[in-house]
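**Q** Residue numbers for the sequence shown follow my numbering, beginning at 1 and rising by one.
Calculated directly from the structure, the hints in this document are not laboratory data. Take these hints with a grain of salt, some might be off.
[As the list claims (entries may be wrong)] Pairs of lysine-lysine residues, derived as DSS-like cross-links and limited to a Cα-Cα distance of at most 27 Å, are as follows:
| hint | residue 1 | residue 2 |
| --- | --- | --- |
| 1 | K308 | K283 |
| 2 | K61 | K304 |
| 3 | K90 | K283 |
| 4 | K90 | K214 |
| 5 | K254 | K289 |
| 6 | K267 | K90 |
These numbers come from a predicted model, not from an experiment.
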Amino acid sequence: MPTAAMIGTGLIGRAWANVFARAGWHVRLYDADPTTRANAARLVTESLDNLARHGLVTDAKAAAARLSTAQSIAEAVDGVDLVQESGPEKVEAKIALFAELDKAAPAGAILASSSSAIVASRFTEGLAGRARCLIAHPVNPPHVVPIVELCGAPWTSPEVIARARAIYDSVGQVAIEVKKEIDGFILNRMQAVLLTEAMRLVEEGYVTAPDLDKTIAHGLGLRWAFMGPFETIELNAPGGIADYCERYAAMLYKLSSVPVTPEIWAKENTQRAAASWGPTPTKEHVAEKSRWRDDRLAALIAHKRAQKDFT
Numbered sequence: 001m002p003t004a005a006m007i008g009t010g011l012i013g014r015a016w017a018n019v020f021a022r023a024g025w026h027v028r029l030y031d032a033d034p035t036t037r038a039n040a041a042r043l044v045t046e047s048l049d050n051l052a053r054h055g056l057v058t059d060a061k062a063a064a065a066r067l068s069t070a071q072s073i074a075e076a077v078d079g080v081d082l083v084q085e086s087g088p089e090k091v092e093a094k095i096a097l098f099a100e101l102d103k104a105a106p107a108g109a110i111l112a113s114s115s116s117a118i119v120a121s122r123f124t125e126g127l128a129g130r131a132r133c134l135i136a137h138p139v140n141p142p143h144v145v146p147i148v149e150l151c152g153a154p155w156t157s158p159e160v161i162a163r164a165r166a167i168y169d170s171v172g173q174v175a176i177e178v179k180k181e182i183d184g185f186i187l188n189r190m191q192a193v194l195l196t197e198a199m200r201l202v203e204e205g206y207v208t209a210p211d212l213d214k215t216i217a218h219g220l221g222l223r224w225a226f227m228g229p230f231e232t233i234e235l236n237a238p239g240g241i242a243d244y245c246e247r248y249a250a251m252l253y254k255l256s257s258v259p260v261t262p263e264i265w266a267k268e269n270t271q272r273a274a275a276s277w278g279p280t281p282t283k284e285h286v287a288e289k290s291r292w293r294d295d296r297l298a299a300l301i302a303h304k305r306a307q308k309d310f311t
């Protein structure tokens, strides 16, 4: 039975632990913070129990039994097949972590980082095992949002990319390959464009923040829950994508050609957008709503898995 090490057991690291444990892997948990490390297995167990209610975990008790807590990085990575690093989003921290991981992990183990925006070449260049290092960028929370973006450095082995893709697909994730390094990878770049335009529309008084959100939750989001933008536009013109572009390219260019300026993300503008949304939530409200979101996402994933893809 394969073994994965979770280095960093905050929200992302624990979610990854859920993914691998429910797929039959042994999972070792390690965090530099003693309190976070001590609580990790319990919190992962709770998340496994929550997903079992949606049929996304067949045996939560058995999955939890595959979790163990390590007291050092060396102990965590001993004999593992894959390391999933989910530490601080700082280049200096990742340089130090990957130097230690490269020395301690077995030569055949894949070293993957959950980094959201930092490309692997910025912290793996000087490593003896740099060919086995890559980004495996999840979306929060990865135990109910299955996409994972795989992006190697220029020196990452193609065999490592292929093996990583097979592993993530086998544990129930949906892996895609980012063909060459780009800051923010794919999802975050798409999200940045949408968020910037959302800020602009609210700041300039075209719509309130709650009404804008409704256009996504009850509009684009419903379509995009089952198909991406290219598949969506394929169905919006009789002749598919090329026909759609011929019909609507000029209009779309006009709508998207307004330049993005720093003022859109200036503090006074974002504060107006926040005020349009409503009162600042408490930490307790955010935590409670996050649990509700995860539960709804789990139900959606369970529904999607029960459906057949269109072929």
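**Q** Taking the hints in turn, state whether each one holds.
**A** Each hint, compared with the structure:
Note on K308 and K283: the hinted pairing is violated, with a Cα-Cα distance of about 39 Å set against a maximum of 27 Å. Proposed proximity of K61 and K304 is supported: the alpha carbons are some 25 Å apart, at most 27 Å. Among the hinted pairs, K90 with K283 is consistent with the structure: their alpha-carbon atoms are about 25 Å apart, no more than 27 Å. Restraint check for K90 and K214: not satisfied, since their Cα atoms lie roughly 35 Å apart, outside the 27 Å limit.
For a cut-off of 27 Å, the pair hint linking K254 to K289 is broken: about 37 Å separates their Cα positions. Taking the CA atoms of K267 and K90, the gap is near 23 Å; set against the 27 Å cutoff, the hint holds.
In terms of the numbered hints stated before, the structure departs from hints 1, 4 and 5, listed from lowest to highest.
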